[in-house]
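Taken in order, these protein sequences are the chains called A and B. Counting from 1, one number per residue, gives the positions in the first sequence under the numbering used here. Counting from 1, one number per residue, gives the positions in the second sequence under the numbering used here.
Please keep in mind that the hints were generated in silico from the structure rather than gathered at the bench. The C-beta atom is built at its ideal place from N, Cα and C for all residues, glycine as well. Among these hints, one or two may not hold up.
As the list claims (entries may be wrong) - Some chain B residues close to chain A (C-beta under 8 Å, calculated; not the full set): (1) L70; (2) C71; (3) K73; (4) G75; (5) A82; (6) A84; (7) L86; (8) P87; (9) M91; (10) F93; (11) L96; (12) G169.
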Amino acid sequence: MKLCITAKGESPDAQVEERFGRAPFFIFHDTEQDTYTAEANTFADAAGGVGPRSAQVLIDHGATVLVTGQLGGNARRVLEGAGIEVYQAAAGSTVREAMAAYRENKLNRIL
Amino acid sequence: MKLVVASGKGGTGKSTFSANFALSISRCRDVVLVDCDVEEPNLHLFFSGDMRESDVTVQVPVFDMERCDLCGKCGEFCRYGAIAVLPEKIMFFHDLCHACGGCRIVCPNEAISETERVIGKVWDAPVDEHLRLISGVLNEGEPNGIPVIMAAKEAAEGNDLIIYDSSPGTACPVIETIEGSDYAVLVTESTPFGLHDLKLAAEVVQKLGVPAGVVINRSDGKDDETEAFCREAGLEIHMKIPFDREIARLQSRGDLFSVAMPEWQERFVELYEDICTRTGGAP
């Protein structure tokens, strides 16, 4: 199973980024292999349409769960259409901490 | 000749100037005034006349799911995020679409055709024998007014003297309005904000290669800084409209002050003749 966490940096010890579409990095966590792969978000500074385009990145990577801070309306529609579950990470937590909280079922599901 | 009235800052009196300017010139020749502030057109409030209304449409994609194999090329191509390709369907966001038609071209399966979507209107109203007002009106909730500005300008084509009244700011709608103009009148006011945004507007017209002059509206007589800037930038100050109670009173009733104060009509005509001399256009 593949999860995506929005992050401020490329390491699993980076802080979770609260914004989805404009997150600097998407970190993909493969739960079977226990690997973390960071991908720079090329839309972080784009003028518009970043929500659907970022959601498309998750779809293309085959992620089924997203952990982030907040979602815009267009991103929500695409993620919902693709059946991706979205959970809200606690402010200030790292990617690793957010993953642990997800595993322990402590995150609030927002979609 | 095409003149554009712009300002940078909102509320400096662009529309007040445009309406009085156009009406004054129309006493001696035919004028078409175009309201290009499509998000908030208001010149029609000054004039009466039966308007003809026509729709402004853009082409948006329609997906034939019989032919689509969800290859994702259209979504990859769209720079505006208007198309998301999901595992089992396509999701289209019409409010993000810029109607470029690229998705139709890149589709390898000919699964995309186009349909028209109405995003606004053009009102065309003869005010009197010599003045015609064309207003671009963007429908509420629509994010992109450029096609409406283009349609309003297009409707005025073929006339000898056209005046475009721009929206405030210096972003895409203003640039679209200024493009193709022979001369720009930048309306500013006697405040630090007015001067700050005048500088931005002056930079835009300069980049677009449109010669410009300045009108100071609501002038309180303390225009030293604006005058210094204009001298430095090589911008002629064509006119100062004073911060005057009578003008404010007329304006607040929806009247045009140049009608009640005919000496202003002459001054607007003189300003027009001055611009003609500068641009080499025929008065």
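How the hints compare with the structure:
no.: 1; hint: L70; in the structure: 10 Å, violated
no.: 2; hint: C71; in the structure: 12 Å, violated
no.: 3; hint: K73; in the structure: 12 Å, violated
no.: 4; hint: G75; in the structure: 6 Å, holds
no.: 5; hint: A82; in the structure: 6 Å, holds
no.: 6; hint: A84; in the structure: 4 Å, holds
no.: 7; hint: L86; in the structure: 5 Å, holds
no.: 8; hint: P87; in the structure: 6 Å, holds
no.: 9; hint: M91; in the structure: 5 Å, holds
no.: 10; hint: F93; in the structure: 6 Å, holds
no.: 11; hint: L96; in the structure: 5 Å, holds
no.: 12; hint: G169; in the structure: 16 Å, violated
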